Structures are given as C-alpha cells and as structure tokens.
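First to last, the sequence lines map onto chains G and S.
For the first sequence, position 96 matches number 96 in my numbering, and the numbering has no gaps at all.
For the second sequence, position 413 matches number 643 in my numbering, and the numbering has no gaps at all.
No lab work stands behind these hints: they were computed from the structure.
One or more of the hints may lead you astray.
Stated by the list, open to error - Restricting the straight-line Cα-Cα distance to at most 35 Å, the calculated cross-link-like pairs of lysine-lysine (DSBU-like) are:
{"id": "1", "chain 1": "G", "residue 1": "K180", "chain 2": "S", "residue 2": "K638"}
{"id": "2", "chain 1": "S", "residue 1": "K338", "chain 2": "S", "residue 2": "K795"}
{"id": "3", "chain 1": "S", "residue 1": "K981", "chain 2": "S", "residue 2": "K307"}
{"id": "4", "chain 1": "G", "residue 1": "K120", "chain 2": "S", "residue 2": "K859"}
{"id": "5", "chain 1": "S", "residue 1": "K859", "chain 2": "G", "residue 2": "K117"}
{"id": "6", "chain 1": "S", "residue 1": "K615", "chain 2": "G", "residue 2": "K33"}
{"id": "7", "chain 1": "S", "residue 1": "K859", "chain 2": "G", "residue 2": "K160"}
{"id": "8", "chain 1": "G", "residue 1": "K74", "chain 2": "S", "residue 2": "K238"}
{"id": "9", "chain 1": "S", "residue 1": "K238", "chain 2": "G", "residue 2": "K129"}
{"id": "10", "chain 1": "S", "residue 1": "K248", "chain 2": "G", "residue 2": "K180"}
{"id": "11", "chain 1": "S", "residue 1": "K855", "chain 2": "G", "residue 2": "K160"}
{"id": "12", "chain 1": "S", "residue 1": "K256", "chain 2": "G", "residue 2": "K180"}
{"id": "13", "chain 1": "S", "residue 1": "K256", "chain 2": "G", "residue 2": "K129"}
{"id": "14", "chain 1": "S", "residue 1": "K855", "chain 2": "S", "residue 2": "K248"}
{"id": "15", "chain 1": "G", "residue 1": "K180", "chain 2": "G", "residue 2": "K74"}
{"id": "16", "chain 1": "S", "residue 1": "K855", "chain 2": "G", "residue 2": "K74"}
{"id": "17", "chain 1": "S", "residue 1": "K795", "chain 2": "S", "residue 2": "K690"}
{"id": "18", "chain 1": "G", "residue 1": "K160", "chain 2": "S", "residue 2": "K307"}
{"id": "19", "chain 1": "S", "residue 1": "K794", "chain 2": "S", "residue 2": "K855"}
{"id": "20", "chain 1": "S", "residue 1": "K294", "chain 2": "S", "residue 2": "K575"}
{"id": "21", "chain 1": "G", "residue 1": "K117", "chain 2": "S", "residue 2": "K238"}
{"id": "22", "chain 1": "G", "residue 1": "K120", "chain 2": "S", "residue 2": "K256"}
{"id": "23", "chain 1": "G", "residue 1": "K74", "chain 2": "S", "residue 2": "K248"}
{"id": "24", "chain 1": "S", "residue 1": "K238", "chain 2": "G", "residue 2": "K190"}
{"id": "25", "chain 1": "S", "residue 1": "K338", "chain 2": "G", "residue 2": "K183"}
Fair warning: this is a prediction, and the values are worked out from it, not measured in the lab.
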Amino acid sequence: MESILNVRNVSKIYQSAGRELTVLNDINFAIEKGSTVAITGPSGSGKTTLLGLCAGLDRSSTGSIELNGVLLDKRSEDERAAIRNQYVGFIFQNFQLLPTLTALENVMVPLELRGEKNIKAHAMELLDKVGLADRSHHYPIQLSGGEQQRVSLARAFSNKPSLLFADEPTGNLDAETSEKIIKLLFDLNKDAGTTLVIVTHDPDLAMRTGRVIKMKGGLIIADENPNYAR
Amino acid sequence: MPDNNLPKQRVPISWLFKMAWRDSRKNRSRLLLFISSIVLGIAALVAVYSFKDNLQNDIDRQAKELTGADLIVESRKAATKETQRMLETMGNDRAAESTFASMVYFVKSGGSRLVQMKALEGNYPFYGSIETTPASAAKSFFTAQDALVDKTLMLQFNAETGDSISIGDLRFKIAGVLDKAPGQTGIAASVAPIIYIPLKYLSKTGLIKTGSRVNYKYYYKFNNAAELDATIKKLQSKLEKEGLDIDTVADRKAQTGRSFRDLNRFLALTGFIALLLGCVGVGSAIHVYIQEKLSAIATLRCMGLKAWDAFLIFLIQVSFIGLVAAIIGSTLGTLIQFLIPIVLKDFLPVEITMQISWGAIGQGILLGLVISVLFALPSLLAVRKISPLNAIRAIFEQNAPAKRDLLKLVVYLLMIGFVIAFSYLQMNNWMQAIAFTTAIFVAFLLLMLFSGVLMFLVKKLMPASLNYLWRQGFANLYRPNNQTLMLTVSIGLSTAFICTLYFVQGILISRVTLSSGSNQPNMVLFDIQTSQRAAVTDLAKSFSLPLMNQVPVITMRIEEINGKKAGADSTNKRAFRNEIRATYQDTLTAAEKLVEGKWTGRVTAPNDVIYISLDQNFARSIKAKVNDKVVFNVQGMLLPTVVGSLREVNWSRMQTNFRVVFPSGVLEQAPQFHVLMTRVPNSETSAKFQGTVVRKFANISVIDLGLVLRLLDELLSKISFVIQFMAGFSMITGWIVLISAILTSKNQRLKESILLRTMGASKKQILVINAIEYFFLGLFAASAGLILSMSASWGLAKFSFDASFMPPVLPTLMLFGSVVLLVVITGVLSSRSILNKPPLQILRNEAS
Chain G
1 MESILNVRNV SKIYQSAGRE LTVLNDINFA IEKGSTVAIT GPSGSGKTTL LGLCAGLDRS
61 STGSIELNGV LLDKRSEDER AAIRNQYVGF IFQNFQLLPT LTALENVMVP LELRGEKNIK
121 AHAMELLDKV GLADRSHHYP IQLSGGEQQR VSLARAFSNK PSLLFADEPT GNLDAETSEK
181 IIKLLFDLNK DAGTTLVIVT HDPDLAMRTG RVIKMKGGLI IADENPNYAR
Chain S
231 MPDNNLPKQR VPISWLFKMA WRDSRKNRSR LLLFISSIVL GIAALVAVYS FKDNLQNDID
291 RQAKELTGAD LIVESRKAAT KETQRMLETM GNDRAAESTF ASMVYFVKSG GSRLVQMKAL
351 EGNYPFYGSI ETTPASAAKS FFTAQDALVD KTLMLQFNAE TGDSISIGDL RFKIAGVLDK
411 APGQTGIAAS VAPIIYIPLK YLSKTGLIKT GSRVNYKYYY KFNNAAELDA TIKKLQSKLE
471 KEGLDIDTVA DRKAQTGRSF RDLNRFLALT GFIALLLGCV GVGSAIHVYI QEKLSAIATL
531 RCMGLKAWDA FLIFLIQVSF IGLVAAIIGS TLGTLIQFLI PIVLKDFLPV EITMQISWGA
591 IGQGILLGLV ISVLFALPSL LAVRKISPLN AIRAIFEQNA PAKRDLLKLV VYLLMIGFVI
651 AFSYLQMNNW MQAIAFTTAI FVAFLLLMLF SGVLMFLVKK LMPASLNYLW RQGFANLYRP
711 NNQTLMLTVS IGLSTAFICT LYFVQGILIS RVTLSSGSNQ PNMVLFDIQT SQRAAVTDLA
771 KSFSLPLMNQ VPVITMRIEE INGKKAGADS TNKRAFRNEI RATYQDTLTA AEKLVEGKWT
831 GRVTAPNDVI YISLDQNFAR SIKAKVNDKV VFNVQGMLLP TVVGSLREVN WSRMQTNFRV
891 VFPSGVLEQA PQFHVLMTRV PNSETSAKFQ GTVVRKFANI SVIDLGLVLR LLDELLSKIS
951 FVIQFMAGFS MITGWIVLIS AILTSKNQRL KESILLRTMG ASKKQILVIN AIEYFFLGLF
1011 AASAGLILSM SASWGLAKFS FDASFMPPVL PTLMLFGSVV LLVVITGVLS SRSILNKPPL
1071 QILRNEAS
C-alpha cells in the first residue's frame, strides 16, 4: 500500500543547560494511507516530539520526513503551515479551542484559512455529527470538557485531512466521556477514510488501532499489530 | 511522491480582519484600557496644537490691537529737534508716550511702590482700547490732572477712584482703574504695574532729569498701507542712525508668535512626555497580552496560519484600538483646549477665541495611531516567532539560543528616530531634539537602574526571618510579567517631574531669599542725581541704614570696535544695538575676578590710554578681546578706549554689577546718576524710608527686595501652575498605566490567590500580601523618581543657578508618602475583585 508518512533516520537533539539532549534517536517507520496507528510510551520517551516532527510543527535534527509526498525537512515554517492546512488535522489533549470564537467559528477556521467560501453548512454538518449542532453559537467557556473535545473533533475533520494527529485525545476527560470521544473519533475517521495517528498513554486506546509503535528513551522499542500480538 | 504536492495557500485579507475582530471579542475592554494610557498624551498634544492654531489666528486677527498703532518709533533718548520735526509729520494720526520707572505714593494709605509710568498724549490706541473702569476714564483722564492706575496697585494699596497719588512733584486724581493696556499680559501687569498720566504734566512732575532712563515712543496711524511701507522705507536708515527703533504690526505679530512658539513647544514636549510614558505602558501591556495569546496563536499556526498572517491579525487589532484611543484622545484634547487659555490667562496678550482645529485633531489621530502601533510592534513581532509546538506543550527545550530579531532592532531604531523627529518638529533644531531624546532616554534608563538597584538591595537585605506575608508580598514583585520595572519608570517619571518642579521653585526662591541674608543689601535706590547724592546719604544715615554700595552709572553706546562702526560690521550688530550702563571704579569689587589682561584702576594724565575692563561673557557677545580698541559714545562725546582686562562677574550677588568698567579719572564729569544699596531691618522701616525718599526726592526709584520676592513667588506660582497642569497629564497617565498593569497581571494574581485560598489563606492575608507588594512598588517608584529629581535639581542648582540645593524635608516626605499611598490604594482596590470571588468559581473559569 502507498505510504502517507515516511520517517527516515530521524533524530532530534535539544540543547539543555549547555548540554545536548537526544530526545529521538534514529527513528525509522512508514505509515500507510488509511491506517490507524498509536504511538505509546512512558513520559519523556519522545512520542510528542515525534508527533510534532511528523506533523511539520518542528524540524528534525537529522533524517527526513515525507508527508503526503512532500519532504518537510527543507521547507520553511510558512510552507509547512500550508502543508498542515492542506493535509493535516489535529486533536489536542487540552482541546485548544480558540476561546474568543464560537463552536461553529472554531470548526470553520481551517477552511477559512484555505480561503474557502460557503463553509458554514459543512461546519454545521460536522457539529451535527458530533451532536453539538444546537450549541454552535456557544463559546468554549460555555461548554463542558467533553463537548469541547467534540468541537475539536469536528474542527479536525473540517478540512478533510489526509492525516489526523491526536495527542492524548482523552487525557483530560473522565472514563465515560473518553469512551464516547474515542468512539466518535474512530467513526468519523472511518467515514472520512483518514489516516489516524494517536499519541497516548492509554493501552486500551492503543489496542483499538491497527498498529502500535512503542517508544522508550527516544527509540522505537516495538512496532506491532496489537491484535496480532494479542 | 514528488514535491509538487506542495500546496499554495493565501489567506484573504478580509479573513485577517474578521479574525482580528473575533479575537478581540473578550478583550476589547482590556485592550481599550491598555491603549487608554495614550489617550491623555494625545489629548494634551491636541489641546496644545488646537490652542496654538487658535492663538495664531487670534494674533493675526488682533495684531493691530497688540500694538494699538500701525507704526511705533521707539527711542531711549529724547529726539533731536530735526528728528522731532520729522516725527511730527508722519502718519495720518499720531500719539506720543514716555515710559519710565518711577515711585508712586498713595496719599490715603501712605504706601509707595515702584511702577511703570506711561505719560501719554494723543488718540492712542488707534486700534483696540485701554480698558478701564469706568470705561470713560480711558479718554477723560487726558482732560485733567488725572491718572489711570493698574488694578493690582489699586488692590495692593486699597485705593479707590477719586483718591490722590503723588508722582514726582505733582498730585494726580485717580480717574479710573486700568484693567488692560494694549498688548499687556496679566503677568506683566503684576510684575510692572502701569500708571497712565497725560504727557503734558510730565515735565511738571520733575521726574525727567539728565540721565533719567526714559523710553520715548511715537505711535502712528496710517490710512493707507502703501503709505506706511513707503514711510518705513524712506525713514528706516535715517531713524536707525539716530538710534530709533521701528516696530510695525507685522514685527509685533512675529515677535508675539515667536514668544508663544517657545511656550507651545514647551507645552507640546510636556504632552509628548505623557504620551511616551503611555506608550511604554502600552508596549508593556501588549507584551503580556501576546504572552496570554500564545496558546491560541500556536493552535492557529498548527491549523496552517502563516507567521506574518498571525502577526497581521494582532497588528490590525492594535491599530484599530490605537485609532479608537487616538480619536478619544483628540476629542478629549479638543475639550481640554478650552482649559489652556484659563491656565495661561496671565501670559496671553490677546483674547483667545476657541474653535475646533481640524488640523490639530488630524495630527493627534495620526500621531496616536502611529505611536501606539510603533510601541506595540516589538511585542507584535514576537507573534511571528511563536512556534506551533506551543499548542502541544510548553517548549522547555531550546533548539539553539534564540536568534536576535533584526526587525525588532529596526523597530527600536524607528522608535528612537520617531522621538527625535517629533522633537525636531517641535523645536526646529536637531541638536535640541537629540538632546531632548537623550535626556528622556537617560531618565528612563536611570529610573530602571535605580529601581533595579533598590530591588536588588531589598532582596539581599530582606531578613529570612520575616513572616510569610511579607516575604510573599515582596516576592510578588519578581513575578514574571508583573511589570515592576515598567511601573517604576512610569510612576517614577511622574514623581520626578513634580518633585523637580517643586525643588526648582524652591531653589529660585531661596536664592533670592539668601541674597537678602543678614549682611546683604535688601533695598536699592537708583536714579540718584549727583546733586542729590549727599542728601540721600544723610537721609539713609538718619534712618540708621548702612551704605553698602554706592556707585555712579553712566549711559553710553558703542560707536566703533577696532575701527568698525555699526553699519560696517554686519556680523556684530548686537554690539552696537543696545545702550550700555557703565561705571568707573579704582578697585575690583568682591563680586569680580580678573580672568585676563591687566586691571587699570585710575587714569592720571589726560592723554593716557583708557584701559577698560569687560565682563568676559559680554566681551564674547560683542566679539571683543584684550587690546581691542573700542570707541564709546557717551551722550554725544566720543571716547576711545582699549580693552585692558576681562572679568568674571558673579551676577547672583545682590549688588550693582557692570559689563563695562572704566578706570577712575575719566567719567567723573559725564552725565550720570547714582545707585545706593542699603539694608532695611524690617518692613516698617522699609515703608517709612521709602515714603520719605518718595516725598523728598521724587525722581529716585526704590526697589524693595521684599517686593521682588513676593513678585518672584507670584510669577513662579503662575508658571509652575502651567507646568503642573501639563505634568498632570503625565501623572494621570502613570496612574492609568498602573491600573492597566495590575489588570494585565490579573490572571497570575488569580492563580496565586486560588492556590493560597485553597491552602487556607484568609481574604485578609491575601489583601495584606497585595498591600505589601504595592507598598514596595510605590516605594521603589517614588524613591527612583525622587533620586532622579534630586540629582536633576542638584545639577540645576549647581550649574544653572549657582546655588546650593537642600530639599525641604517635610514637603518631600509628604510628596513621597502620597505617591506610595496612591499606588497602594490603587493596587489594593484593583485587586479587590479577585478576593471577592469564591475560589471554585475562579477555578471553573480558569479550567475552561
């Protein structure tokens, strides 16, 4: 199958207190289009850093990353921003809704950034899918944590991304709400045929994906199909 | 897959505006509060600009009323017969006036005072009027032996219309109160009050003697402007040769405009300081605002917003709010302009008609917009550098040390350039503009330095054994983004402004007061004729008054310097223009020090070279050096001299000092008058002695240092009121910046408050912590301001006023305490809302 994300010999080194700190060390993997992948590992294992690099939020120190056929390494920040807008969707642990925008406006932003017009109906449709059509004019402060994450899901799918990155999507939610959000995430992903990459601590959530990449100390220690492994 | 998958993305400008509007939703009142810091600065400038425009219009419109005539010919000596004939044939209508200083004696109260006497003849003023009460007195006083007496004198001596006054040998009836003479300002009236008498009685007063200092003025009305120009052209060189000056409406208009241009420059620069102070506040508040937006910006960047587009969203916001603030400021300034004529009423020679000045409003709006954006730019530019990574976590790692943003450097240079350019537009002088900018910059730096040192010292010296509330209160000063330094600068600068003003006023007053110390003269008698000298001396002795300084004064002009006459040396016009009052003496006085050449005290033989001595500053101004030849015209007689020496003169000493000193044996027979200085022990003796002098020697004028002190105090109070009015803008701006800064750091305060209250701290304890923080903040700011002000006042006292500086303890402490108290009250009241909310409600709001 065709790869949507190719990570080759990627390392990330930070300067910390005058010393070099290797957060990622010679990472290699590829993700196929339409697949679901979980990146797991203990705190400090480098999984969020890896997500940031794969999504073009940062540059690797060495190696190369190719997203949807575009090499990210040599791209400027603005070029990477355009790539993100075109191909990438995000779901954040702390929702990251823009507090001064209504739920509807939050969902519309990625499309507005593309300069698309007549997008309200599409945004409302997505809000309806996440069950918040009647709350479209509410501001984030007026919504519960679960509702905010649902708006975040609608926003993430609004620009029909090729690749969706979810960073601990249930990290700030209770078990019951988490379950609802996960179900919604997988349902939306199935409908849209998007490639999904989830960074999580939660082994149950990881088990629901088709592939689990386990990390420790900046290295991939396992890369397996959870269902097959079980 | 090839790289041609690289998408093209262009965000529509309309969306940036829409996003700026959406993003401002929950912050508008806050943004407006930040920007309100510049409202008063803009208001001050628009008020000053509007006032300037209106004043210029009124000077143009009322120019003829300033002079009262189309042409004024002025001379310090009586006209020759030939000149007199010429003066009597000019113009379609004419009037004459002799002005001189003289004593007036109020018969009813027995009081006497030196006044400006104007003996008038003719229909002057031809334009405008001499304003009197009753109004008819302005014309009727000519018909009898009557006088018009300035209203300040009438009040001082409790006089009424119909009372008598003695002027020289004559008595005049007060026909009316002089409310305003043409072109006269209120301040001039109180410093040199005027009395008008008919010119025909002047000679009978016996006041005009040889050597008397009289200013002769001839006023002309011309029905035809062309005729006026032709007359000026025809007579100019002739009149100037005779030592007569010509003053036209245009000259006076330009001169008045010039005087007020300086005043307006001063007012505009004071307003500009308030504006700069506000801008520093805005810059600082926007910095914190952007910090709080970090997460939202990072999220937008994750979704594909480009760095410059993110910057533009916030630039649009700041520009819009800046525009709103500029419009509010301009509107306020247009209203405040109505106060300026009230503040300046004593200094204005014309009636001010207040009108809306669209030019001033336009300048204010443009200035507000440019300056708010300019000072917000360093923080706004940082938006470009916000990484999308911030959306997934706080960046604790650094790829590499942050690179210096060159654009920020450009913006800082633009800021400095802007301040210099603005100052230049006010001052029209690059050196002054750079000096002003440097002074502001140094003041800011010093305040930051003082504040930094104070904070460091307190941090080091703060005992660890202090209780928790004190330690926490003090530690709050170091909270990130709490703007302690910025607040110290803004509050400190306002404090320094007010304190310096107060100290300088004190220095000037004490300088005059000191000069009246127990061994210094406090009364000057001048215009003593040679024939009166012995009698005046006897009179002083009869009052047991010491004769502290008795010198002859001879009036003269410079005729030639090194063979060059006035007309031949166009580069040194100043040397020939003014009359010089010189003296002769055989030894140097205690106030004089020889700095160059050789002192010659006496000329013994008629053919000896006359070596004169010049004050070194005067010598510099007339471009004369030791051994240069100078010919003086001593009332018609040419006297060749050689500059023998240069002296440094201590002009601040209460004694007669001279720019030109002749040796003894030259001028003894020249027409001269004498000056006598003495010391009167109390005001009662002063009044009695003055009264006797006026009655016995009507031509002699007396200056009472007590009166000078009162006048100086009055003058300084009026000037300082104007300065305080303008400094008020800076003070209130500093206060707004304080409120703005407190509200800016509200989020951090909220978190701390929640934490403390969750751990069981009472409202009172949190209030105490806040109060301690603001107390220290006020203390640092007021101390920094006071130190700066004391340094500036000391410098001014030492180098400008040649005086010692000792700040008055009680008023300084009161001023200091007021600033600290104001900061504490404002701080505690502004933080009150945090205390009054239950922690759970805040926690919920914070979490969401």
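*Indices of hints not satisfied (ascending)*: Result: hints 1, 2, 3, 4, 5, 7, 11, 14, 15, 16, 17, 18, 25 break, sorted rising.
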